[in-house]
Amino acid sequence: MINKIKHWIACFFCSILLAWLITFYFLDSIVPWVWDDQVRSYVNPPGTYVWKSEGWGATTVGHHGVIGKYRLDVKQLVFWGDSFVEALHVDDRDKMFSQFNLQWSKLDQPSLNSISVGRSGKAVADYYFNIPEYERLYPNVAVHVIVIGNFNDLLPNQDSGHDCQFVSDPTMRFVPVEPPKQKVSKLTTRIKLLLNRLNLQVAWVLYRDLFIDYKSHSAVLKNLRFNLGPVEKEIESDASESKLGKNNYKEIARFHAAHFNKVTDKPVIFVYCPTVPVINDGDIQFVENRFRFVKEMALDFEDNGIGFVDLSLPFIQHFHKTKRLPRGFTNTIPGKGHLNKDGHYLVAKALVEYMLNNYESYF
Amino acid sequence: MLFNQIEFVVFFTIVFGLIFVVSNNRWRKYILLLSSYYFYGYWDWRFLGLILGSTLVDYFVGLRIYKTEKRQYRNLFLSISLVFNLGMLFFFKYCNFFIDSLSAVLSPLGLNVSSLNIILPVGISFYTFQTLSYTIDIYRRRIKPCHHFFDFGLFVSFFPQLVAGPIVRASEFLPQLETKRTLNYTRFFYGFRQFVYGFFKKVFIADRLALFVDHVFDNPSVFDGLTMWIAVIAYSIQIYCDFSGYSDMAIGSARILGYDLNRNFNFPYIANNIEDFWRRWHISLSSWLRDYLYIPLGGNRKGPKWTYVNLILTMLLGGLWHGASWTFVFWGGIHGVTLAIFKYYKGLLRDRKGEYALSAQRKLYGWILTMVIVTIGWVFFRSKSVELAFEMLEHMFVNLSGISWFSPFVISVILLMILRHLIVVMGFTQHFDLTIEKRHSLILILTLLWISIIFYPKGFQPFTYFQF
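Protein sequences appear in the order of chains A and B.
Going by our numbering, the first sequence wraps up at 638, each residue one higher than the last.
Going by our numbering, the second sequence wraps up at 548, each residue one higher than the last.
Source of the hints: derived by calculation from the structure; they are not laboratory data.
Keep in mind the model is a prediction, meaning the values are calculated, not measured.
Just so you know, not all the hints are guaranteed correct.
[Claimed, not checked] A few chain A residues facing chain B, derived, Cβ under 10 Å:
1. I277
2. K279
3. A294
4. I297
5. P505
6. N555
7. I608
8. G610
Every residue gets a Cβ at the ideal spot worked out from N, C-alpha and C, and that includes glycine.
So here's chain A without its partners, still in its complex pose (with noise of 0.2 Å):
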């Protein structure tokens, strides 16, 4: 009996050498998050981060979370956004920043290099508040392009944001967040980086999934239920739309229009990405249900001197032309979640011809 559970014993610490061996080509590096006292905002820390659960990519991250190569010499466009401008999903070489300069280099223009500041979580409120951070390290800076990958990201009362809400609530105002949202200890950013340094990150995957309740994680261990059902059911609401309440979207607009031609006297450029086209109940769906708060967006924008790319046509366009669609991956489902390479690759073309074509604001 001792003998079988010495057996037991080794084959269980056997196995998991193993199974850490098969399985950590196919995990995700774990994503840190440190304080950055330079531009007061939690960044990812430098270093060389795989993805492979939704597209798979490599992504190098410098200091204070910048993603590409800044380059003192030339003028910077800065891509601002969430995890769409993280893009950890697809290669450096594929994402927005590096198509950008790719394809700017080819023109006859006064030399232009883009580099990325993305976080997944973000708001437009957070890029208010992190612009003049950044501009303070970064003196060069040209250009600023604020891609929104969901159009609750310029609405009040989301949930999204990490270092400042935009409220509405008695009157529309950006409030900074104290403390930070989803602060994290240190003790846990170091085990993190640890985990990440000795490629244990299947330790961080069980511990994640057994404990931590994360909105697409179910924290099986937090949740167990052993009383006889049935369970009643709570119906959840679309989230998205119960959180839009009632909006003035050109007060909206305006506000923010306002707001960033005061933090910062570089050119503001918006860049919208649609979640269309997009396979829904059977179909490719090519209109999103908000296409007319968008335009209406658009051009409040553009009277208020804020740029603003709507990437719904080239979208389409790409689509009929090619067959793929610009979100989603072969590893999850096409058409729904991040961009791809090829949206990647249109966000660039998109803003280098918004540029092109409006040249003296830029130039």
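Following the hints, position chain B against chain A.
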């Protein structure tokens, strides 16, 4: 409660611990009976009454049938069992199906019939068939009735096989309850091994394939022909891994507890004819249909034409057993017609000795044809409606344009499955079998468990056969 939930691990550990500690066979059976009722009540305690009702009716009916010599009274008692069990099944499972079908016919006449708000009790198709087999076998004088009510209650509600099979025969299970079962390390090892195999098949393969399959089947007009074929093949693997995985977990759990359940799947995708496929797929159901439907209808005793009719009818009803939808009837019809055609073809190929033999080349053609028919059948089985199924088939054979989606995981699983089946066909299984004698067996078994846990897909994926 599902086998792939942590709650089941806790539950099973406690039950096994109690069984291990308690040496008295009667008390072990009480523990298992109470555990089984808790297991079922975990889903919904309100339906425990149905299992109890089925148990009570068939227990007493079984005793009466055995004691009664007069044919008319035997028929009467058997009828009570049939009416109660099939009535229960009809009400909970098929009532709304027939109401909706009737509504489609009556609505053009301005008559509206609305469906009822009925919850389908989990496992009802399985335990009703199980108790029916008991009363029918007593009626046929194949077995004697069980004289211990709690033993019979345990036969009906034994939790490893309660909600999704295998459908257990009284003749195989009740004798096991009469004697104290041996709990030893060998039994535990092989039970654990089978449970892990099942867990891996269900969680790592079936549930992850579902993410791809569901999206393609929900949007058949969007994807191109090759993607459709990959989705259908993926679904063939998904349903096999889901159901055989569940059966493995059921059989493995039972084995750990000391009880033996028959295998329910035997590599159906190596079958080179449709008859062989049904000897390998859901064996407990196909044998039930043969013994309690096909043979009573007349089987092959009334000449070839009636044989074909009985085959088709059996498979149509077998299809309907799977679900209250015309897609399942269609699926059953495809298999019934194919079985009838095969029967006819087999008759033509019999030599003078009455034997049926095929060359290797013909076996290969037979395998290809069988797999194409089975795959097409799965399109109906999986589709939400007959119209969508035909739309899917159109995209598979005719209108091939659309979006391509070649999921690396799905392609890898298909290739691995082909390799796995080749190993079986070529007779190399024993080289890869993880037996108790091999020191590395437990390492590999535990590794499969870890991989399943690490890559456990987010979001709930019920067992496919739970809905039956």
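Hint check results:
1. I277: violated, 13 Å
2. K279: holds, 6 Å
3. A294: Hint on A294/A: holds, closest Cβ of chain B at ~4 Å, below 10 Å.
4. I297: With a minimum Cβ separation of about 7 Å from chain B (threshold 10 Å), the hint on I297/A holds.
5. P505: holds, 4 Å
6. N555: holds, 8 Å
7. I608: holds, 5 Å
8. G610: Holds. Min distance 8 Å.
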